[in-house]
Amino acid sequence: MPGNDFGGANDFGWVWALDGWIIATGVLCAAAAALLGNFLVLRRLSLLGDAISHAVLPGLAAAFFLTGSRNSLPMFVGAVVVGVLTAFLTEWIRGAGKVDEGAAMGVVFTSLFALGLVLIVRAADHVDLDPGCVLYGAIEMTPLDTTPLAGIEVPRATIMLAIVAAIDAAFLLLFYKELKVSSFDPDLSTSLGIDARLMHYLLMTLVAVTAVASFESVGNILVVAMFVVPPAAAYLLTDRLGVMIAWSLVIAAIAAAGGHLAAVTVPTWFGLRSTTTAGMMATAAGCLFLLAAAFGPRHGVVVRFVRHRVLAWQILEDDVLALLYRIEESGPDDDPRGDRRVPTPTATELRPLLLTDPLSLRLVLARLRRLGQIDRTEENRGTYPAARHGLALTPTGRSRARNLVRSHRLWEEYLTSRAGLDAARIHDKAERFEHFTDPRLRERLDKETDAPQIDPHGKPIPTENPDPR
Amino acid sequence: MSLLGAITESAAQWPTWDQWRRVIGLADHNTRVVILGTCLLGAAAGLIGSFTLLRRRALMGDALSHATLPGICIAFLLVTAAGGDGKSLSWLLAGATVSGMIGVGSILAIRNLTRLKEDAALGIVLSVFFGVGVAFLGVIQQMKTGHAAGLEAFIYGKTASMTTDDAGLIAIAAAVSLVVSGLLSKELKLLCFDEAFAGSRGYSVVLLDGVLMGLVVIVAIVGLQAVGLILVIALLVIPAASARFWTDRMWPMALIATLLGGWCGMVGAGGSAVFSRLPSGALIVLVCAAFFFLSLVFGVKRGLLVRTVRRVRLKRSVDRQHLLRAIYEIVEATGDAAGNGRTGTPRAPRAPRAPRATTAAPFERLLGRRSWSSGRLRRAIARAERAMLVSEAGDGVRLTANGVCEAQRLTRQHRLWELYLITHADVATTLVDREADAIEHVLEPSVIAELESLLQRQAIDVPDNPHAESGQAPDGGQHAGK
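In the order they appear, the protein sequences are chains A and B.
Following our numbering, the numbering of the first sequence begins with 1 at its first residue and continues without gaps.
Following our numbering, the numbering of the second sequence begins with 1 at its first residue and continues without gaps.
It is worth saying that the hints were derived from the structure and are not from the lab.
Even for Gly, the Cβ is constructed at its ideal location relative to N, Cα and C.
Just to be clear, a hint being listed does not mean it is correct.
[To be verified] Keeping only pairs whose Cα atoms sit at most 16 Å apart, straight-line, the calculated EDC-like set for lysine to aspartate or glutamate is: (1) A:Lys459 - A:Glu329; (2) A:Lys98 - B:Asp248; (3) B:Lys117 - A:Glu101; (4) B:Lys117 - A:Asp239; (5) A:Lys177 - A:Asp187.
[To be verified] Here chain A is said to cover these stretches of chain B; the calculated rule only asks that three of the stretch's residues, wherever they fall, bring their Cβ under 8 Å from a Cβ of chain A: (6) 111-118; (7) 130-137.
Pulled out of the complex, with its shape left as it was, chain B reads as follows (with noise of 0.2 Å):
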């Protein structure tokens, strides 16, 4: 049997219309639980994420959710001796709650005593609360009272059959994650951006950090016997990671991850009540999964696709302006010599005079006047012609008039930039070209105006340049190394 095999299979279960008009009316009163409670898990969890997420712990939700392992156990096994039922939800979920906070404690107390990082104190408190509840498991399976069947099922969670009451507890929970995040927005605000700042406006990092893990505690406990142990990890952390690609901002990454996480629970559970045989759990997740990489790549703040477009679009621009400005001083150093034969000679210096628009720069002095490739080159030459900046003269190329105007621009922008380094920062002429280059792409107009009236040239077209007087022509050797 193969995969394919697997999946066509699958497809040959296509659910009938009357299935899916089940689902989507809502039609069930189980089905209509379980996509409302699972919808508020997802909301309250996307939320919760957020902070956690920006607090750099997106793990939390793992480490504690496990830790609630020997607190289960606990009550399981105090409530049994003490003669009541031990698989009473109230009790189970007390020692959950308990064992979570003594967690949560550990965690903090391992970060700010020891010189240990979040990671380990995570994985210590993970590791260690989850073996003493497996070893406590142990002794409870051999306890002739307690059969730990129901047990095992509060941890791996049973979406499908989810009840009322959990549907409710959830709500509850959703609730009161809402109203404290609401009540501390301030305040976990700046937990979650600058814990220093937070610390000297007088509020305790420690407790608010209590807070926060105690939310994740709430959370986890009521997902973990909703919908298991993956689930709520990862309801914790991909909407709110998915959430970060969209926005900049807080509160919006937030309600981002909020909406995200209940439509993701909506979905995934809505799914699972059409595919009966898919477990809600997993198709919640991968729902999630989903989404995440659709934000990944489509998210509009820190996509991928935004991020390439921006970087390619950068590169052009920049690649442009190395080309105009390049033929420019070209142009500039055959100069005005180049009808009577006197190539190469060094122009007298303060005499600047902008190159003729006929004058041809040759493609081989542009491609050694920079490390790039021919390839890159010829490109960015098709670039500027198609926006009128330059056009092809046999063997090289020609600035238009446009092309004139702007490469007059741009150099004098670089220069302006290389006379103020020298005059004003100090810097050796023979190091402001790589300085300049750097930056030339990013000055804006108010910049140059000041550079301007820093140097008391106000009336000069392009500035000499600076390199002019030794003779040669410094992009040549300079950029070889870039």
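Bound-form chain A, shown alone (with noise of 0.2 Å):
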């Protein structure tokens, strides 16, 4: 819509003049609307953009009733009024009811709704106000409604979304530390003599103002997209608020300025013009969303599950080592590189004792053997009909396989003689710390233990070898 309306000049209808302003309003109602939504996500308040949004209808329909005119100063002031009382009245219910935040929320603005709706009925009586009208500013609109600021010509919606970025970010300046306080702890904030509840009223009736502000003049659906969307990205990529809100802000700005440039162009691809920016931008804003939570360097989704897949697989290998080196162990032979009478097992046969997937063991084995650590035997004895490829520990390996065991044993010995504990329940647990332990710290069990040769089973307990790799 924007361009082509104005004969634009390149092939998307791109035209700097228009556009630019578009993606400029858009970043400054996405950043002021996501600086103060860091705050309605901590406080578990995500959905009050989308309560405002609704309940400021009878406002609007109020101002209107008492001025008679659709100047936009006494429905603006109206709107905020409600939406601060949207804010108030869904606190009180929740205090004084005893009833949940959200189910507040939904009881304040859906009747305020209806009751703007009703009012607006009565009132069409007279003039010409379609809610939809009254609610949906169009962002693309906005470069139409000028007004001149130092020359050049300025959209007002640009001015007046520039004003409350500027508010909400003085505002978070001011009170950073009493918003930071009484968001994560409101009894710590009392006692440090911070008013809790002003601050969230504080919070609230600036909340209204952008939300008011924002839908008045870009639509509802990118404000209440705003509010949420990038603060909870920002969420999942850190653990400090001041961190959080900046990457809120870098978030919201892309999805702004590329919501844009996707409304322009995506729909051409398909032989259609621009499709709606504000949606397209919470599109956009979602898109971050799933990357955050993909990976978000702490808590993304796969950067987790890689995560886990790794540690996974170095226990494996730990695993297919210190296995090998019992079955060497229990062959009859003491020396292992002698004359072997057991046959090496081969991958098929370590599976089972393993408890693990084809895959997984597959990936292991061949990084072990890159590592130089097993090698492959080939063992034709007859009993088998064909030649079976078993695995055996090469020097390398073996050496590493002796640390294993000699820490899984020093564990065993030392949960058993120092811990106290019951000698069939201790397997599991070396089980598990063999594999966090490093020469210092079997040094040290070896001498909390006196030094032992057997372990609590009985079996000996290898000597440490000097080169573990």
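Fit chain to chain and form the complex, with the hints in mind.
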């Protein structure tokens, strides 16, 4: 819509004079909403933006009734008053009626919306006041309504949102500490002399101002999305409030700019013209959230999965080596390098003992072979129909395995002799500890348990190998 | 034009008796269908809403009804592209259901896989899905084949023109909700009250959550196209929240919410049939809201009135007990010596003697006893006087015969508990008074009996004041901070 109506110059009808302002307006709106949204998400009030966006209707209608005009200032004031009222009523019903926060919000905003609808229907007898028009500004239309500022024609919506964003930022900077304490720990804030209720209502007032200013100029879906999605994505990226706010601003800005770009370009791929910018901005924010949820450095779903997998494979590596060592040990010969009576086990024979899936085992065996820690032996002794590929430890592998088994048995000894655990219950624990035991810890265990020769099960504890890998 | 003008104007349009008769008698076919449909929808939403309310997800309906928009648009686009009628109801419903279910999956995934809370999951799904839908609507609006007007009616509802088919659909959804919640009654109860326990009993919490949200999607979708977005949310939240004020049990609550939802739907739709100018969706919500506020104030279990009365009663009874004990202890301290002027001398321990009914406690000393205002103290005295427990004597207050009995009982409770704390709970003597003060009002006879046997002091009338040996009245200082 934006460029095309004005005879766009290039393929997508992109005109900087228009699209630049649209992006600037979108970024300002997104930033203003995301700034406050951080605290809404932390206070579990994420749906408040949505609630306010519906609840302001009676404020608009009442302002219209009282002034008899569609002048934007009284409408703005009326909407903000009802927006704050929504927060107050929700809080009152929650406190006085002991109703769940979400339910209180649902009761308040649906009732106010219905009231507004009735008022507007009455007003519509006299003048055309379409609820859709009142509620949904369109960001595409913002460059049409300009006002000169320092010699440049600047859209009024951009100026208004810039002011709102500046107020929000100033509020955050001035009351950062108070907001932080009262969001995370209301009791602590009371004991520090910070009025948590006052902070709550100040925040709610600003949320109402930001929401109303935004949907008057750019439509409500954008601001509802920007209150929640960028802060939620930022919450998954960091554990620090300051960093979270910074991330939320970055994400909001990218979503706004990228959303408009997508709105103009994506439909042309299908032979259509541009689509709703606000909707695409929300969609872009959703995509960014998905990325953050998947690849966030500490809490990302994919990252956590990969980290878990890698750790599981490392442990499986250890388990394979230790198992091969124990099989060697159980052989009739004390010297593992001597004539081996016990055939080396094959991968298929190992798998049930390791309780793992075939793919993981194959990956781990390949890696161990590449590291030169195990070797494939080819044996054909007549008892087997065909050549079987057994697995055997190389000297490097054996020294790593010795240390693992040493760790395991030292831990078992320690757990029985020092921690007083029952011998039947120590194996699982030692099995877990052995993977995280370095030479220095082994040395201490050795000292603590008076350098034992055998473990509680009567198995010999291998001697320390100076060069484990 | 003013608000007042608008109101008086509406009063001028009061419907005639004939209009009332037609609606109440369900004379018109259309009115019958609409009232039946909204009533069933309200009942189904009330039932499902009570589960989501107890699960602390009251706004799930909000999120999920917004989440249906992209499905509706995609279904429209696909069907149109395939050459069909894009506005055929069944395809749109199918699309709405699919995208609603994807919304359910997303909420569950965000909640279970990330560290975000419930509300953020709902907010994200709501805004992003709706944003996607709006973007699709923008595309649809440009297509030559499809004018989006029909789709918008789908989202904003058209209660007054509800058809028999719509009502039938609502009836099916209501039946499904009823059957599923009946079959899963035990599981849903566990899910609502103790998720962890439900998990430990081997129920799949995620699956149950999915079923519950699926029911919300079904109700939301049939409601959406019949009565509009906001109304569905209201019907899912308000009847359940109102029912919560009337009972503490789940099934009675679900029943009340069902009936209330049905009733509100009926009254609202009927009202809009009478006052034809008012939008029925809004009217239904306002009826719901009126019932919510009635419940909030008058609800017999958690209503404001009941809770206020309960609180005032408790406060009064505590005040009376404090008053009686204060008089008793003051008289006890001045003791039998009141006659020969040895006021304030500590009595010999282990020689407790019931104060005579004739001795009066001066008002000033009573006031200094606790941190109560003189007005509050006077009111407490006046109430006790009406109950024939005390009588005013000049500048002081004196216990009546009944009052002595009651005061003795209270003081005994207090001191038994103090002794228990000193001997069995190892609480320092200087601290026990406050502890005992907090609990003495709720001690039951059986507990007193147990205390007696524990302390093996069956025969004692009123134990000694454990503070008496230090020669000071404990309460004056101890209570100053309260």
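What are the numbers of the hints that this structure violates, sorted from low to high? Going through the list in order, the structure violates no hint and respects every one.
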